[in-house]
Amino acid sequence: MEAELLARLTADLAWIRPELLLAGFALLGTLVGAWMGDRASGLLSGLCAIALVVAAYFAWQVRPAEPHTVFNGALSIDGFSAYAKTVIALAAAATLLLGADHFARRNERRFEFPVLIALSAVGMFVMVSANDLITLYVGLELQSLAAYVLAAFRRDDARSSEAGLKYFVLGALASGLLLYGSSLIYGFAGSVRFDEIATAAGQGGVGLIFGLVFLVCGLAFKMSAAPFHMWTPDVYEGAPTPVTAFFAAAPKLAAVALLARVLYGPFAGLEAQWQQVIIALSGISLLVGAFIALAQTNIKRLMAYSSIHNMGFALMALAAGTEKGMSAALIYMTIYLPTTIGAFAGILAMRRDGKDVETIDDLAGLASRKPWLAMLLTVLFFSVAGIPPLAGFFGKLVTFQAAVDGGLWPLAVVAALATVISAAYYLNIIKVMWVNAPAPAFQSSGPTIAVTAGLATLLVFPVLVVGFGWIEQAALFAASSSFP
Amino acid sequence: MSGWPILSLMTFLPAAGALLILAARWSSSGQHAGHDTGVKWIAFIVTLATLALNLVALSQFDAHQPGFQLVERVPWGAGLEYHMGVDQMSMALLLLTNFLMPLCILASWSIEKQVSAYMMLFLALQTLMQGVFAAMDIVLFYVFFEGGLIPMFILIGVWGGKNRVYAAFKFFLYTLIGSVLMLVALILMAIMAKTTSIPEITAFAQQGGFSKNLQIWLWLAFFSSFAVKMPMWPVHTWLPDAHVEAPTAGSVILAGVLLKMGGYGFLRFSLPMFPDASAYFTPLVFVMSVIAIIYASLVAFRQTDIKKLIAYSSVAHMGFVTMGIFAGTEQGVQGAIFQMLSHGVIASALFLVVGVIYDRMHTREIAAYGGLVHRMPVYAAIFLLFTMGNVGLPGTSGFIGEILTMTGTFPVNAWVTAGAATGVILSAVYALTLYRKVAFGKLENPALASIADLNAREWVIFVPLVVATLVLGFAPMIALDFTKASTQAILAGYDVFAAR
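Protein chains in written order, with my numbering: chain L, 1 to 484; chain U, 1 to 500.
Honestly, the hints are just simulated from the structure, not real lab data.
Fair warning: there could be bad hints in the mix.
[As the list claims (entries may be wrong)] Below, in silico cross-link-like pairs of lysine to aspartate or glutamate (DMTMM-like), each with a Cα-Cα straight-line distance of 20 Å or less: (1) U:LYS194 <-> L:ASP405; (2) L:LYS355 <-> L:ASP157; (3) U:LYS162 <-> U:ASP305; (4) U:LYS40 <-> U:GLU112; (5) U:LYS194 <-> L:GLU323; (6) U:LYS162 <-> U:ASP359.
[Claimed, not checked] Here are some chain L residues pointing at chain U (derived, C-beta under 8 Å): (7) ILE387; (8) PRO388; (9) TRP409; (10) ALA450; (11) GLY454.
The beta-carbon is built from N, C-alpha and C at its ideal position, and this holds for glycine as well.
In isolation and in its complexed conformation, chain U is listed as follows (with noise of 0.2 Å):
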């Protein structure tokens, strides 16, 4: 299959499956018992037709030659250019996109209210969150980045949970204040360097074409989407509401996907782009990570909400991104794209966790579960396994992406690394209790004592996400050697520059 333009036809299969969907609407009005599960399978379908796909483009891709490759370049008029093309770390965040859409649309099975538009969205979603991390003109990242919001709005406000309305909205307004910063900032970088291609800004930028004072603007505005999409404290608030209110799917996207576009954002433009920029602020990305990691844990202790309580221990995780990354050692970033990966599958699998249990009870209060290995055993070892990956137990994924970004921290400021370990700790004390208060103890309420535990849907869940955390736990080096390249030349400029 080379010589196909295997990105785009990945990037568009989703929407494609959606506008089939939408035919399939048309046609049959959705009046037939049957329409909604055609539809969900029309969906899985297309997700592992994609996976397939990604899997076919990733044996096209060469792991240890830096740069973009399969690139596809057309122009598209306006001076703006259709320009696709995927570096080691965008090939592993569309690998852990694709690897997790399947199984969000297995966990949507239960949905029941409007299946055909919820199924378009997700996978209009799957199209848009691809080709953020495959875009290399700007523009068309820009149009990926923030195209997004239009399916998360809907699915939050429309699926969500009882708060839902204010959570979508608090997402999209607040999403959308720092990147439409970003869009001015962006477009003052195109008229500056006469294109809108990545990797050419870069080089001009890696030329001395942005002045430091320049910078420290354009590296604000980045900041100011960035640090939304991560999110950084303090404006990590809208992630709490968010994810509590979304449907369970809505919030392994959240997690293991629309995150990362944070991290990948700052690695990709924040890093090389703006070089001076990036060392001369990194002691206040420093402060800002160390306090969202002791304080989003902290907060996470006192939660009532499960959800909510995973969503805060991915506030303080992502603390360890960021830290990893303005460090800008190559442990460090390399930890930090590990990080990503790792919370990706470990969060994604907890949401899922508590979603099997939220199916049952409709309800996410740790009050109302308790002693649950009683009557769902293999439920509770999985949940075990994934709260140990979320402390960072050794042998789990969790494990290497925290040790990373630390050991890459420690030589540039030991304090920095001090604090960010003690929420190593504090992650322990509140992932165990929640373990230790819904799986633990007597069976309690009533109405657990006819709980079932994992059917087969959930079983075929489970299994790839146990499988890739204790993977990327024993065996590390797959992913780490494969970044491995893309790391070194992100970091290739920025190191000349710091030192300067």
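Just chain L, with the same shape it has in the complex (with noise of 0.2 Å):
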């Protein structure tokens, strides 16, 4: 009986590869750190990104063709994990790599960084895995409270610390609805287990339609989507810009992914509820993101708002309600996240006499004091906004394709109009960095920066348009094999 026991655990525990090496790097590293110190920063954040980058090698290693449960059923190790896994790790690789350049750069550096990012990366493995409500809120958990750490991590800076206090206290009122949430859903269905969740819901039910609209408010939140988007733009001003660029990145994805697989699992017999809240939800999205962003000044500000406007697309695809829904929500968030890390790049080299800078107006002349930066960001910009025949478009084409397939295309309307909109502040920055007159020339960047942002570019320019039918294939698979 034990050793069958036993012999069970271990086989599950392979499945979880990718979580044991990053859960084991960090306790590993929270001890190297306690002995060395913060000279332990360098090689931890080398040892963070060779891990997280294993980590996303097990994790697309292990893609079943069927769904395999394994804990008793409160993980799904599945294609569309697998998928969200390994891009999750691969871009908290890239943002751990631009933040050790620029705490270095100030001399800055602590080893609880990669230490934290490591966690976060456990945590959100664990969303986009989550069978059942309570491995959820762990995941979701675990995320979050590293993600408050990293937000007021540069502890003496009154506005990191507002920050972090701020993420702090309406990410546990979001936890709260969450749990309220899921609390009425256990309720009614009877049971935590997705699958057992799914029967109840295929009879309909007041009790859990409620419960449902609580845990989206709470993943909404999560996800910055409007309007529960309040606390966005104050955390990504207020946070290290490296961290910010990190929170631009994978944990979006891993909200979208957790977002899906609940719609999509449990949810899927409630389908024709749930979709008009995620229409509202995305419209919402869109056109906050659009509008408000018109008057932003400072350029981490309006990421927050171009990210929000980011999530109205992908929730514009889950709201179709069909596979290919799924897939483009994927796909999108694919194509988002070389980007916006490539922005982010280029946003932390905007460096002057040893401060950062960062409001738009620095980037004035930027194309003839650095030519080849202010060429990388106005790709990476002009892709943002959708415009072929950069990949963002491409991205903006599947979530166009799943909403109107799905019959909504009055919201794809809305989106297109949106689009215009948020592309005169895309243009503003480019015509920023073109046409104004130069301010001083930026300090010189470091190599990981500079690296970084050549490479999202080239993603997003050649690479990603060539190779666009390969993330098609990877997250069409990623889609129908997960769900029934």
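With the hints as a guide, dock the two chains, each given alone in a separate frame, to form the complex.
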């Protein structure tokens, strides 16, 4: 009996290699850090990046054609989670490198940075694999707690502390909503397991719908969809820039994936109900993100509203309620991540007289001072704006396809018009870089920042366009291999 | 060279040239003095080579066979296809594009600011423009159609005149808002027809795939894009701003090629794919066309800026194109295609004519000139020829386009034709007034006393344009016979359904 249990445990552990690797790294890293202090930060950053890449490889390797559940159905390992984990780990590794360079330049290296990123990544891994409400909550909180600390990482800076505190208080509120929704769902479905909730949801019921709405509100907060977006600009602005880059990338994909998992898994039977909620969230995010960004002068705040706008697109794809919609959301996020990381690499390069500057006007005349950087940023911003032939366009294309295919063409028209409005502020940045009278030159940036910006541009420009079919295949497999 | 993917080669050759310039920039950092001249030569040779490839493609092309030729079809993933091919209409517009590009590069020889970036953008733009005319897949079409905004935005915004930022934003956002609506419509059509190939969707539509009600919505979405690109009244206001502020070569490309995308779109999509809606909306288009012709001509008359005047005259001439297209007769459509080609040559030439004196005097105010004929006789003669072409004097290509669109429209709606005919008179009023003020009279502005006549480079620019204007004017059948097969194919589908 015991031997059988042990055998099952070891078999299960083999399925969660990526999580084990990162969790092990986090524990070991804390130990090393406690012993060596901040001197260890360079070493740990490097190791953490390697661990993340290896975890991505592991996650990609365990891609069963059929969903496989481990630990009595607590976690589901399937094509969907494997895809999400791979992208999350790579995005986290990229932002980690950006951060290492940035903190080293400012003499602010702390060994906690890589450790917290690793813990957050474990949390995201658990989120995208969650197969019951408890796992969902545990994963989400692990990711969020690490994020709260990261936001307040520059602890002697008032803005950073404010960002951390604000994020924490509002995040706790969202967690409360989410837990309240979970308890309602548990009460009406009689189980926390997704498959049993799915059976209950098939029979409908007002209680479940109530629970679902609270759950979706909590998740919408995490992915900063309007009208639950209020924290985003302040946290983006206050947090150290590499941390903002991290927030803007991997956790967004994790939240979208988690939302997809919840909606398409246990609550597939209530599609008619949640579809309205998601349509509303999507439309409001699209418009809020587009209009309010027009008034921003700080580029980090602008990126915050831009990410709200982009979440609207991912939600639009999910709202379609089809397999195509799910894969479209994954593709959209996959293309969005390198673009946004590249843009933040550009923002990190904005450094003058030993200080970081972050208003849009500081970019003035970049094209004549640093033509290469300006060119990279121009390509990246045109890509976010969704102008072909850059990758961002293909992301928008698939979400439009999913929405129209799902009969949501009014939402698609709203999204199309919002795209035009958002194009105005991306164009403004490009205009400032190319046309305005040059501001004093930036100091030269570190090697990893330059390399990341360059790589992101390469991904956005020719590689993704040519490899688009490949991403589409992977995302379709992810969407189709996971849900009935 | 048969068996080669000749269309792709010629489409992507300029992009490769842009990469070459990028590599040269990387290796030399653009420091030494000869670098900029070298870059200009690279760009010029690349555009010439593209023109040569286009002629090779023409030699492999059968002018009398309807349908698409030189087809290349490769799956691209995600249900999309890389699908290129040309019919006679697209081939004619490709020739126009590649004919104008080397001239644009020559006209840009005086550019001194960030030459590498300028030439790269121009070459990238050439790739995208060719792609629009050669794409046989709607998504591919959209990629090229929309992608052209990026280089145009930067070209106007960086190398333009005083008010360039406003003009660049207006151009970009105006065009984008039309296009995104078209994108949604494109996607809906692709989903319904289960293909993204243009000929297959056309076939699907002509079997009644889209109900009339749906056609009306789709038609409006496409119209929102093409009407802005065209540009038709009342969404033409971006054009004068963009033209005035763009560098000379940018204006040439705008007038010569980008405006033709609207007409091309109407002929490729609106007419064959939504025949019922096209017939339904014909009165609307007619009214808008006539207003464009008369109103834009009157506005042109009151301009004080030479480029703005030519820009408004473009709006008027494009009114003839839309009128001819929606007349739905063979003469009308043939005339519209011919008018597009002719306007591509004449309006481009006029912008180049303005560019010559702008290079010397750095002003476009009509009042700053006068009496140029005394100092620049050759220039004045060339200016006169293109002014006459703009007016539509018999013997120039402008006449053929206007008379054909009008005879094509007359059996459909005589009143509209009468309205358009007044535009011919009005165009003489503004164009001849402009010519009188700039070329004739006394040489009053002292700064003009030492202005020099055409130099060798400018001779090279103008001779091909003069030849093209006169050849198309005296022997229009060269172009008309060539485009006949595609016109008949487009109308074959339209007539059946419009009659229903």
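For each hint, the structure was consulted:
1. Proposed proximity of U:LYS194 and L:ASP405 is supported: the alpha carbons are some 11 Å apart, at most 20 Å.
2. For the hint linking L:LYS355 to L:ASP157, the alpha-carbon distance of about 14 Å falls within 20 Å, and the restraint holds.
3. For the hint pairing U:LYS162 with U:ASP305, the CA-to-CA distance comes to about 13 Å; that is within 20 Å, so the pair holds.
4. For the suggested pair U:LYS40 and U:GLU112, the alpha carbons sit about 11 Å apart, so the restraint of at most 20 Å is met.
5. Of the pairs offered as hints, the one joining U:LYS194 and L:GLU323 holds, with about 17 Å between alpha carbons and a cut-off of 20 Å not exceeded.
6. Between the alpha carbons of U:LYS162 and U:ASP359 the distance comes to roughly 15 Å, so the proposed pair stays at or under 20 Å and holds.
7. For L:ILE387, the interface hint holds, since its Cβ comes within 8 Å of a Cβ in chain U; the closest pair sits about 6 Å apart.
8. For L:PRO388, the interface hint holds, since its Cβ comes within 8 Å of a Cβ in chain U; the closest pair sits about 4 Å apart.
9. At its closest, the beta carbon of L:TRP409 sits 6 Å from a beta carbon of chain U; the interface hint therefore holds under the 8 Å criterion.
10. For L:ALA450, the suggested interface contact is broken, since its CB lies about 14 Å from the closest CB of chain U, more than 8 Å.
11. For L:GLY454, the suggested interface contact is broken, since its CB lies about 12 Å from the closest CB of chain U, more than 8 Å.
Hint check: violations occur at hints 10 and 11; the rest are consistent with the structure.
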